[in-house]
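Quick mapping for you: the protein sequence lines, in order, are chains L and A.
When we follow the numbering used here, the leftmost residue of the first sequence carries the number 12, and every step to the right adds one.
When we follow the numbering used here, the leftmost residue of the second sequence carries the number 148, and every step to the right adds one.
Simulated from the structure, these hints should not be mistaken for lab results.
Computed from a prediction, not measured in an experiment: that's the story for all the values here.
Hints are not guaranteed to be accurate.
Stretches of chain A that chain L covers, calculated by requiring three or more beta carbons in the stretch to come under 8 Å of a beta carbon on chain L [said to hold, decoys possible]:
no.: 1; segment: 168-175
no.: 2; segment: 188-195
Here are the simulated distance ranges between beta carbons [claimed, not checked]:
no.: 3; chain 1: A; residue 1: Arg-210; chain 2: L; residue 2: Gln-116; range: 24 to 30 Å
no.: 4; chain 1: L; residue 1: His-93; chain 2: A; residue 2: Gly-150; range: 31 to 37 Å
no.: 5; chain 1: A; residue 1: Phe-207; chain 2: L; residue 2: Thr-121; range: 39 to 45 Å
no.: 6; chain 1: L; residue 1: Phe-62; chain 2: A; residue 2: Arg-210; range: 32 to 38 Å
In this text, a Cβ means the ideal position worked out from N, Cα and C, and glycines have one as well.
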Amino acid sequence: AQSVTQPDIHITVSEGASLELRCNYSYGATPYLFWYVQSPGQGLQLLLKYFSGDTLVQGIKGFEAEFKRSQSSFNLRKPSVHWSDAAEYFCAVDVQGAQKLVFGQGTRLTINP
Amino acid sequence: ETGVTQSPTHLIKTRGQQVTLRCSSQSGHNTVSWYQQALGQGPQFIFQYYREEENGRGNFPPRFSGLQFPNYSSELNVNALELDDSALYLCASSFDGGRADTQYFGPGTRLTVL
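The whole structure should be built from the sequences, with the hints applied where relevant.
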């Protein structure tokens with residue numbers, strides 16, 4: 012079965028530091044990949060997506076992600092985090108391009124001032 | 148352009164009761180998907196409605212059912228509530244279910260089952 016693994020349940024970084032959130036997926040074909048962010052008590056906001064083409068994808072709020080087929084990974088990065096980036100981040104795979112997302116468990120990001 | 152809206156925001160029910168959650172899709176979207184997010188977990192796909200027909204279902208029992216209306220709004224119904232049904236229920240709308248596209252999520256309905 013298709014699965015998404017986010018190895019880090021909780022990450023703490025200092026404001027201004029760089030960030031990388033890991034995501035690995037298990038799926039035979041080329042997946043459609045997404046990163047969403049969720050603030051406490053809120054719904055999910057799309058940060059970026061990969062369907063095809065350039066493997067380095069730019070998103071909103073200064074985030075980017077790189078698709079690496081050989082490693083089955085789609086890690087999220089940001090060069091300098093802001094206190095407002097504190098939230099839960101979810102990686103997701105669209106199975107067969109049918110808009111039926113499989114989500115990872117999420118990574119909770121805490122920002123130290 | 149209005150986004151995805153859900154009602155109610157919060158709901159408290161007791162075990163064995165039935166509940167209906169509502170979702171209004173974003174303007175121009177004809178597909179609604181429902182997800183269950185238990186505390187501390189990622190969302191899990193319940194089912195999808197495309198042009199008023201069920202278009203795929205996740206690993207949820209039949210007591211989870213849904214409807215989509217001609218204006219593409221949708222309802223999620225859960226019968227015989229169990230304690231484990233306590234969760235945040237998210238709906239997402241998109242265009243043309245069945246092909247890769249972005250889903251836009253609503254704020255969710257927090258259901259508590261006592």
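Hints, verified against the model:
no.	hint	in the structure
1	168-175	violated (count 0)
2	188-195	holds (count 6)
3	Arg-210/A x Gln-116/L: 24 to 30 Å	25 Å, holds
4	His-93/L x Gly-150/A: 31 to 37 Å	24 Å, violated
5	Phe-207/A x Thr-121/L: 39 to 45 Å	32 Å, violated
6	Phe-62/L x Arg-210/A: 32 to 38 Å	35 Å, holds
Hints 1, 4, 5, counting from the list given before, are not met by this structure.
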